[in-house]
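K.L.:
Chains as they are written, first to last, in our numbering: chain A, 0 to 446; chain B, 12 to 197.
It should be emphasised that the hints constitute simulated quantities derived from the structure, not laboratory data. Just so you know, these numbers come straight off a predicted model, no measurement behind them.
Stretch-level coverage of chain B by chain A, calculated; a stretch enters the list once three of its residues show a Cβ under 8 Å from a Cβ in chain A:
| # | stretch |
| --- | --- |
| 1 | 46-53 |
| 2 | 96-109 |
| 3 | 159-168 |
| 4 | 171-180 |
All C-beta atoms, glycine included, are put in the ideal place defined by N, C-alpha and C.
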Amino acid sequence: MASLFQNPPHPKERRIIFENLVKPGYAPDIETYLAHGGYESLKKAVTMKPGEIVDAVKAANLRGRGGAGFPCGTKWGFIKYDDGKDHYIVVNGDESEPGTFKDRYILHEDPHQLIEGLAISAFATNTRLAYIYIRCEFPHAARIVWNAIKEARAKGFIGKNMLGTGFDLDIYVHQGAGAYICGEETSLLESLEGKRPYPRIKPPYFPAVLGLYMKPTIVNNVETICHVAHIIRLGAAEYAKMGTPGDGGTRTFGVSGDVLRPGVYEIPCGAVTLRELIFDVCGGLKPGRTLKAVIPGGSSAKVMRADEVYKIKTKGPDGTMTDKELPMLDIVMDASSLQSVGTMIGSAGVMVLDDSRDMVWALNNLNQFYAHESCGQCTPCREGSLWMSKMTTRMLAGGGQPNDSKNLKNIADSIAGRTICAFGEACSWPTQSFLAKFPEEFQKTVD
Amino acid sequence: MRTEEKQRNHGMIEMTTRQADEITPAFVAEADELVSHYPVSKRSASLPLLHHWQNHFGFVDDSGVEWIAARLDLTPINILELVTFYPWFRREAAGKVIIRVCRTLACAMAGSYDVKEKFCEAVGLDPHSEHHGFGSAPPTTADGKFSVEFVECLASCGSAPVALIGDELVENIKPADVASLVKNLQ
Ligand SMILES: Cc1cc2nc3c(=O)[nH]c(=O)nc-3n(C[C@H](O)[C@H](O)[C@H](O)COP(=O)(O)O)c2cc1C
Ligand code: SF4
Ligand code: FES
Numbered sequence: 000m001a002s003l004f005q006n007p008p009h010p011k012e013r014r015i016i017f018e019n020l021v022k023p024g025y026a027p028d029i030e031t032y033l034a035h036g037g038y039e040s041l042k043k044a045v046t047m048k049p050g051e052i053v054d055a056v057k058a059a060n061l062r063g064r065g066g067a068g069f070p071c072g073t074k075w076g077f078i079k080y081d082d083g084k085d086h087y088i089v090v091n092g093d094e095s096e097p098g099t100f101k102d103r104y105i106l107h108e109d110p111h112q113l114i115e116g117l118a119i120s121a122f123a124t125n126t127r128l129a130y131i132y133i134r135c136e137f138p139h140a141a142r143i144v145w146n147a148i149k150e151a152r153a154k155g156f157i158g159k160n161m162l163g164t165g166f167d168l169d170i171y172v173h174q175g176a177g178a179y180i181c182g183e184e185t186s187l188l189e190s191l192e193g194k195r196p197y198p199r200i201k202p203p204y205f206p207a208v209l210g211l212y213m214k215p216t217i218v219n220n221v222e223t224i225c226h227v228a229h230i231i232r233l234g235a236a237e238y239a240k241m242g243t244p245g246d247g248g249t250r251t252f253g254v255s256g257d258v259l260r261p262g263v264y265e266i267p268c269g270a271v272t273l274r275e276l277i278f279d280v281c282g283g284l285k286p287g288r289t290l291k292a293v294i295p296g297g298s299s300a301k302v303m304r305a306d307e308v309y310k311i312k313t314k315g316p317d318g319t320m321t322d323k324e325l326p327m328l329d330i331v332m333d334a335s336s337l338q339s340v341g342t343m344i345g346s347a348g349v350m351v352l353d354d355s356r357d358m359v360w361a362l363n364n365l366n367q368f369y370a371h372e373s374c375g376q377c378t379p380c381r382e383g384s385l386w387m388s389k390m391t392t393r394m395l396a397g398g399g400q401p402n403d404s405k406n407l408k409n410i411a412d413s414i415a416g417r418t419i420c421a422f423g424e425a426c427s428w429p430t431q432s433f434l435a436k437f438p439e440e441f442q443k444t445v446d
Numbered sequence: 012m013r014t015e016e017k018q019r020n021h022g023m024i025e026m027t028t029r030q031a032d033e034i035t036p037a038f039v040a041e042a043d044e045l046v047s048h049y050p051v052s053k054r055s056a057s058l059p060l061l062h063h064w065q066n067h068f069g070f071v072d073d074s075g076v077e078w079i080a081a082r083l084d085l086t087p088i089n090i091l092e093l094v095t096f097y098p099w100f101r102r103e104a105a106g107k108v109i110i111r112v113c114r115t116l117a118c119a120m121a122g123s124y125d126v127k128e129k130f131c132e133a134v135g136l137d138p139h140s141e142h143h144g145f146g147s148a149p150p151t152t153a154d155g156k157f158s159v160e161f162v163e164c165l166a167s168c169g170s171a172p173v174a175l176i177g178d179e180l181v182e183n184i185k186p187a188d189v190a191s192l193v194k195n196l197q
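Turn these sequences into a full structure, and let the hints steer you where they fit.
P.N.:
The following block contains the structure:
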């Protein structure tokens, strides 16, 4: 793989997840991992009470790194340790959200980090069977992770009587088959059950209630599970200190598009603004170019416009609310800041577009993605994603009509909130936000 | 394996080769190993067995659908509905090497449409041919050597444009490099 890591790292970076795998000569085998202190966190974890591990994950303020950003400890808290039921963990390694490319490095280059995190997670939640779901477009990753599982089993880190604790854990790899929707957690479970991966109707809202085989199940992203090992290693307080109060630890950003140094950058949550990320960490834009737009958290995140100034309400120390003006580039790249300006950190896949880009063209590209990937269960999503794609294709081909923007918005508005899964929002947010932020570019297709 | 395809294309009635007639004890042993990874429900082995079958035979014919279903105590439709849903599976032969060029935003911005066209030209396919899914094979050269298709984001957007060629990810592809990439595959 092309190296997308800066060497030496940018001063703003702090590598926890990527600390080892960037080292020259680092290999995915267990001996290398052990030589770098591997499985020490697991050894520590099995001396703790399971409840203490869950409490540590809560105190660390770890949010899910898969897209929805749900607090990981809270999710784990839904599992009752001693309810007499089988529990499962399914690691989400589907990594299909456009703009996202971080889990692939963990899976290919440091699989034992994931297995260690998973073993700790299983020990904490009384889980004896876990699956790592890997998209089939990562054929080497599936082999590498499977091999790592066998190595870990041979050394007694997982398997029967893990580390002499009397606790048994089996882990298997499960490969997807080219469908984006399988990244949605209930679709993932249906896929793992061998069925068509139609997302499940909610409620129940959490697989922790009814998940795989209708048993309490935790679904977490690959990176999220890796963070668990570091929380145990560093201690929750030390780990949380790296981030902000609501968003602990580090985040692995994938920056792509029109920057000089696209790549993966691991940065403490809340430690950079968008300006610093683009112009400092990623070396800025191509010569002579100006910034036009940023999609901050994977393709579903609402687009931000470069010349926009956000008005946000901030709460002072005395509890009074004041209005503050914040230029787009000064937004801090953490979960709550991006949420406060109407978009999201999502999977932290940041796509940068400069002034050479046509926004109708960019939206059409994404619309085609969503039209292709809708699972087809819900009429608004199945039909709407297709119509949005057909309309932007026609507009680009010179067939723009006066009512197009209005109709596009109507279609998008009739999807979000009316579907079985969050793909409905994911496919309507690009259209809604591109239309709202760049109306003149859509108007141009009519003039 | 070509005979079954011919029959479907031309509606001809002739003896078909059944993939299931060619499976070996080693193939069955590997299938059983995969099933053992799912102690709670055999049905979970549907996708693994489809991958196993397609990796071995190149595609999944009716006999494959039936064999997998029987092995997992399912009915054939339980397997067929997976083949027609998941873009990865196909019911007819594709090229020996499948070139999957990423179509999504970061790659498109970096020139993937041009790259895909160059791949088509280099192997001798119509650049405007499309892959419609539902079990069909991607556009394939007459000699059966190559298929070329667009796929969605390959999770490698930082080194766009990228393509998955066989099992190998190729990154930062320049249109000018495509001809020599293909030559090395010959
Ligand atoms: C359409 C859709 C696609 C998704 N794709 C992924 C994905 O590729 N990888 C992932 O980890 N989460 C994905 N998610 C989020 C998962 O549903 C789930 O929230 C996540 O895996 C939970 O793990 P986390 O809490 O550790 O983030 C997707 C969600 C939706 C609605
Ligand atoms: S919202 Fe779309 S992707 Fe999700 S279940 Fe409905 S049709 Fe399928
Ligand atoms: S857009 Fe091509 S790899 Fe993500």
